[in-house]
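Chains as they are written, first to last, in this note's numbering: chain A, 1 to 168; chain B, 1001 to 1168; chain C, 2001 to 2168; chain D, 3001 to 3168; chain E, 4001 to 4168; chain F, 5001 to 5168; chain G, 6001 to 6168; chain H, 7001 to 7168.
Hints are supplied without guarantee of correctness; some may be wrong.
Unchecked claim - Examples of chain A residues toward chain F, derived with CB under 8 Å:
| no. | residue |
| --- | --- |
| 1 | K91 |
| 2 | S117 |
| 3 | V118 |
| 4 | N160 |
| 5 | I161 |
Stated by the list, open to error - Simulated coverage check for chain H against chain B, where a stretch passes if three residues somewhere in it have a Cβ under 8 Å from a Cβ of chain B:
| no. | segment |
| --- | --- |
| 6 | 7094-7104 |
| 7 | 7116-7126 |
| 8 | 7141-7154 |
| 9 | 7158-7164 |
Think of the hints as simulated: they come from the structure by calculation, not from any bench. Yeah, the Cβ is synthetic: ideal placement off N, Cα and C, and Gly gets one too.
Protein chains: 8
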Amino acid sequence: MNDKVLVSVVMPNEKDLEVMNESLVTLRSLGISCEVTVISAHRAPHQMIEYIKNAKERGIEVIIATAKGAAHLPGMIAAFTTLPVIAVPLKSPLLDGLDSILSMLQMPDGVPVATVSVNGARNAAILAAQILGLHHDNISVELERLKMRLSSEVEEQAANIKSKSFTQ
Amino acid sequence: MNDKVLVSVVMPNEKDLEVMNESLVTLRSLGISCEVTVISAHRAPHQMIEYIKNAKERGIEVIIATAKGAAHLPGMIAAFTTLPVIAVPLKSPLLDGLDSILSMLQMPDGVPVATVSVNGARNAAILAAQILGLHHDNISVELERLKMRLSSEVEEQAANIKSKSFTQ
Amino acid sequence: MNDKVLVSVVMPNEKDLEVMNESLVTLRSLGISCEVTVISAHRAPHQMIEYIKNAKERGIEVIIATAKGAAHLPGMIAAFTTLPVIAVPLKSPLLDGLDSILSMLQMPDGVPVATVSVNGARNAAILAAQILGLHHDNISVELERLKMRLSSEVEEQAANIKSKSFTQ
Amino acid sequence: MNDKVLVSVVMPNEKDLEVMNESLVTLRSLGISCEVTVISAHRAPHQMIEYIKNAKERGIEVIIATAKGAAHLPGMIAAFTTLPVIAVPLKSPLLDGLDSILSMLQMPDGVPVATVSVNGARNAAILAAQILGLHHDNISVELERLKMRLSSEVEEQAANIKSKSFTQ
Amino acid sequence: MNDKVLVSVVMPNEKDLEVMNESLVTLRSLGISCEVTVISAHRAPHQMIEYIKNAKERGIEVIIATAKGAAHLPGMIAAFTTLPVIAVPLKSPLLDGLDSILSMLQMPDGVPVATVSVNGARNAAILAAQILGLHHDNISVELERLKMRLSSEVEEQAANIKSKSFTQ
Amino acid sequence: MNDKVLVSVVMPNEKDLEVMNESLVTLRSLGISCEVTVISAHRAPHQMIEYIKNAKERGIEVIIATAKGAAHLPGMIAAFTTLPVIAVPLKSPLLDGLDSILSMLQMPDGVPVATVSVNGARNAAILAAQILGLHHDNISVELERLKMRLSSEVEEQAANIKSKSFTQ
Amino acid sequence: MNDKVLVSVVMPNEKDLEVMNESLVTLRSLGISCEVTVISAHRAPHQMIEYIKNAKERGIEVIIATAKGAAHLPGMIAAFTTLPVIAVPLKSPLLDGLDSILSMLQMPDGVPVATVSVNGARNAAILAAQILGLHHDNISVELERLKMRLSSEVEEQAANIKSKSFTQ
Amino acid sequence: MNDKVLVSVVMPNEKDLEVMNESLVTLRSLGISCEVTVISAHRAPHQMIEYIKNAKERGIEVIIATAKGAAHLPGMIAAFTTLPVIAVPLKSPLLDGLDSILSMLQMPDGVPVATVSVNGARNAAILAAQILGLHHDNISVELERLKMRLSSEVEEQAANIKSKSFTQ
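Bound conformation, chain A alone (with noise of 0.2 Å):
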């Protein structure tokens, strides 16, 4: 476990956690260090951005951000600095969350967001690992652990389900 934080995990509502912690146990599974906040576009904008200077200041390399709805958190962290964000956009009341997708998406040029899939928690986790992976070598090697492990579990899936529809 490298003992420096090198993973900022924002979201703009507590409740959030449900499925931001998946982020966590799965940074956490990758050797990674992280910390974990609440901050908002929209109702605490000026907290926002000292957040993320602060963030930059103190050693963070990604960031990633989660909303619903209009969504603006990874946009908005994307305007105040040049790190990478990794954005998850929720699931939402409005079409399973594609308000938050396209909210995520489609930013305009020159300030990109890294979108993932829709409650990707642990995919957010794993792509941030892949961009620190690049420098870090100890991450790499937990990288290649979890590919493996991935093989496996199909593996067993496959020699399961053999027996089961044996039996059915």
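The hints should help you fit chains B, C, D, E, F, G and H onto chain A, whose structure is shown.
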């Protein structure tokens, strides 16, 4: 015409004036002075914040903001002011602007914007006039005249179409 | 609290009060008196017309109207008045209310309504307050307080989430 | 040709005649007299109400109404009459007219309209003829002839395409 | 009550009666006799064709047909008759029935169906009554009564909601 | 029952068997032997490639593949074989599986898959049987029987619904 | 080239040949004889039924059917045959053919069609070849050649693009 | 300019360079060397696998991949590497590229890609730069300069628009 500038019309790109010019024309036709500028939540966020604060101090009462795609501008303006913000979703290359619509419409609790139709620059101006008409009597008078003009236009078209279809 | 009733909250079905009650609660919390009733553009159009005219004469300044599906109520109210009309699209059984959204949003040139988010009863009330706050100073003060409360809530949640994730 | 005018074709804008002219042509080809006019639920609602009442008194039996976007016209006509109303959603700049479709289709319980396809001016006329054909025998005869013509056209095309593809 | 059966209500699956029963109830409340059966364009096409021809011979004047998904039934009925066909798109597991809507709405030139709202069984019955009311005077009278009942219900709800919100 | 295994049913997750079991049941009811396994284009791509090649060598004639979301499995199988691949889009948390549908349906020129309905496990099996029936006569016979059963079921339901609605 | 006609390509309008000609060209390039005609489920249903029965008797093994909008043709063909039916949704004026897609894709249990991409005339032909290749060895050989050609084309393009971008 | 090639830009069709050229231009403007090639997951999968492995060995750090429709390329690259993969959904003939978006965005747990906007070739390059900037200081400096240029452009446009609207 009020001499005092009451409405600010803002857009993230000078090309958006092609659509938004209709707001300027309509506001003037209703006797309302306005100012127009380019501000961007993503590419020049500090100037945006500065502009919003000054606007209110200079007596602006309603802000009409447009954007397309991720379309954060109206929502971010609303984050920094308690003035009413009217949002005009621009037609975009994705689903005719459904991205612009949803990014504006689905603002979180506490920070509303008033969304009008896609490319609805004229309706944004009329909505601004309806808001101002509550305490500016001359604007209220203009709105009543507009309503009569709309009704007359329908009657003229009804007359036209009958003569057209007789001769077809 | 203003004694004068400034806002009218209307809906086509008494069941809609489940959602729209949040408008009433929010308006009162901002010191704004309101009235509430059931009117229908489709099932009782003559009463609707009567109501709209009387509302203006009785001093109503802003109308909040909701509907779902074909959702004509806000638009038809706007056809009969020059007061600002705020439209709340209700979540419907089709595409989470996309029908309600589009029927409100896409009003034709000349007759705008101010659309907020799906089931956005609270934001409709705050938007009404922003409109009224331009010439009712006490409401303007309440809005500034609301903005501070929103910001404080975010800070509280930020504190909460840090303690939560330490102990996870 | 019936001399009595049985069908009214109405639209909110004289430009809509470009699409709706196909209704007039088809009705006449089926021996049905019709009238055409411009009425608007939003811009001239009082004239609309007047027109609907007179139409029924003058012997109109079916109303074909078109609109685009918020597209309230057919639904508002249905609010003021018990005659069958056929609704033609016009192709609009948003999602090819999905706004027009949903605003017509999703009428509330108690006040139906009969929606046909986007820009379906010809089918609206044929549906009107099917309704009238139940008690106007000459129209019923024309409909049987139309059905045979449709079938013959398919056979002609089948002959054409075979010769075409032989020579390709 | 007319003794003669004037309306046929058909569906591809007996389970659809859960939704379509509202058509039967409404037709009876308007004094219209109807028959109900299961027919399928895909699974029993020959019986479907037989049924449609017999229906017309037996004096059926309007056919209400429902379906979901590919939802070909109303369109295929219209292919085999010149009677007006009312199509009720059923809510389906895909996009709340958008598949059912589009498969019915977008019928090709020459073969219309009259589409009502998703699960709009009651409105289908009222539309049938409006069609029949043109030449069955007793049905026309029932429709006027229905319109008054709808209007009274709105007034009752308006009374209810005022007392409710006083006591909240 | 053919002893030779002719159809392979594959899925990226053993949980998908809940839906896909219907394929197994239907294939067996049509006298077709099949095998089932878990393979993944994303998590175990090398095993997937191995499996596809072996499948063809072992005499598999049709592959039924399912997936959800990005849903690459059927398309990637088609990249590695010239056997017909039937794709079953699974209902997903986003827009009821519209993501699964489009990822399968919109395969590029040169590499088709045969897409059936969302969760259409039964229809995938019947389509496989239709393909196999062209050169396996016993399967062709079973398909004719199935078609008769479908038709009988409709007739039974027609009988049921009449008795039901008499007694309502 | 097989002399026997194995594939039937059908469309409801001779204009559809513009898109579907690609099916004919591709089938011929794979050594498969086909016939082409115009049939319509809605405008000439009796001829359609006649055609389908004769097709099977004449030795047709696969039917490629196209349509747009309500797009019933492939599904209705499947209702009358146990041959595999490949459905090509045509791009339509509504949502780029989403209506065509859903009307084909969402066929009810028991009556599948094999849907390919919008305007996917070429892929429909290749899918037909994959089905026929199972028992026509010459077609199977052609498919292997096609797969190699596809791969070579990619390699050529890779060579091209490098030279292009060196000189930019 | 780094001499070492750090970014690979890949596409399934040489025509896609029209859109993706903007990635090359932007990367070079930020001092980043890149290579470009054509690879295809569907038509040349073995070459694709070969390319990905070699790319990593040759020192590539970030892969930008584009595709349209089923759009499997970025996801399949991610299946074979732990490098960060940036996915650019291309505008397609279906719903402006919604198919491309969903096929990229909705990658399954364990195998993320970083999706940017439709045709977002420039933003893909900037995101690549943000990732590389974490450990390549010269790139980090270029990004700060870019952010200042973006802000200056907004100010210039603001100056332009004022002079334009004065003279209108």
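Find the hints from earlier in the document that the structure breaks and name them by number, from lowest to highest.
No numbers; nothing is violated.
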